[in-house]
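Make the full structure from the sequences, and use the hints.
Using this note's numbering, the first residue of the sequence shown is number 1, and each one after it goes up by one.
Hints may be right or wrong, so weigh each one.
List of simulated lysine to aspartate or glutamate pairs, DMTMM-like, C-alpha gap at most 25 Å [unchecked claim]:
#1 K221 <-> D5
#2 K221 <-> E155
#3 K221 <-> E20
Quick caveat, the hints were computed from the structure, so don't treat them as lab data. On a predicted model such as this, the values are computed, not experimentally measured, just so you know.
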Amino acid sequence: MPLLDIFVLAVFSLCWLLYEPMLRRLGEAGGVLNTDMTVIRRRWMQEMAVREIALLDGQLLGHAINSASFFASSNLILIAAAAGVLFGGDNAWKSVEGLAVLAKTTPMMFQIKLGLVLIALARGLLDFIWSIRQMNYCLAAIGAAPMWAPPRVLEEYAEAAGGILNPALSAFNAGVRAYYFALAAACWLLGPMPFLSATLGAMTLLLWRQRRSRASVAVHKVREILERQPVVHGPHLTKLKRPPPPPKDRP
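Below is the structure:
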């Protein structure tokens with residue numbers, strides 16, 4: 001492998017592996033979208049725990065599961081297409097060798113480049129699958145929420161449910177992020193410099209959306225509003241100190 005390709009591949013690997021730790025480090029200072037969303041999701045579970053009927057919460061989470069399933073299905077199609085070219089043998093190589101847009105390379109280097117795209121897509125698929133499983137666990141936690149428990153128990157339950165929901169949606173975000181790096185890896189087929197430009201461009205775009213986009217600013221304002229507003233218990237918890245007695249059997 002040429003030295004320039006090795007250097008660019010190392011930059012890509014560092015960006016992919018260090019993005020999540022760097023984002024957590026930036027989140028300690030505040031103003032990062034993912035960190036703000038973690039607080040908002042925890043508040044969501046706190047409101048769910050004191051809501052009389054958690055039907056809305058189940059519907060919202062069901063919509064998130066449908067979105068993750070859609071991305072996972074699309075990811076699987078892309079993996080099948082990339083694997084078909086990668087393991088297609090000489091016929092697949094001859095069909096793409098004549099494309100003028102691709103950089104001149106050897107069959108081995110072509111397989112390495114396409115293999116990197118396949119790895120990025122496969123990692124995203126695993127993240128989506130893990131996200132769907134965790135969201136199903138959270139659905140069970142929402143359905144099992146104790147309606148008549150004391151406030152202290154409800155607070156503990158909401159914290160535990162948030163500990164399921166936040167990793168689930170973080171895994172979903174990681175799966176979506178894999179598309180960015182898969183596109184950057186695909187640019188390696190055009191040459192090392194397009195690969196480097198796409199990698200740095202993907203990192204810049206991801207970081208900008210986390211800290212400088214309109215969505216990040218709006219989400220931060222939502223977090224500030226929620227932190228000023230305490231969780232209010234509904235009338236089913238303030239008026240009724242204990243669950244209603246079971247109906248007596250008629251003679």
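Each hint tested on the structure:
1. K221 <-> D5: Measuring from Cα to Cα gives roughly 43 Å; hence the hint is violated.
2. K221 <-> E155: holds (24 Å)
3. K221 <-> E20: holds (23 Å)
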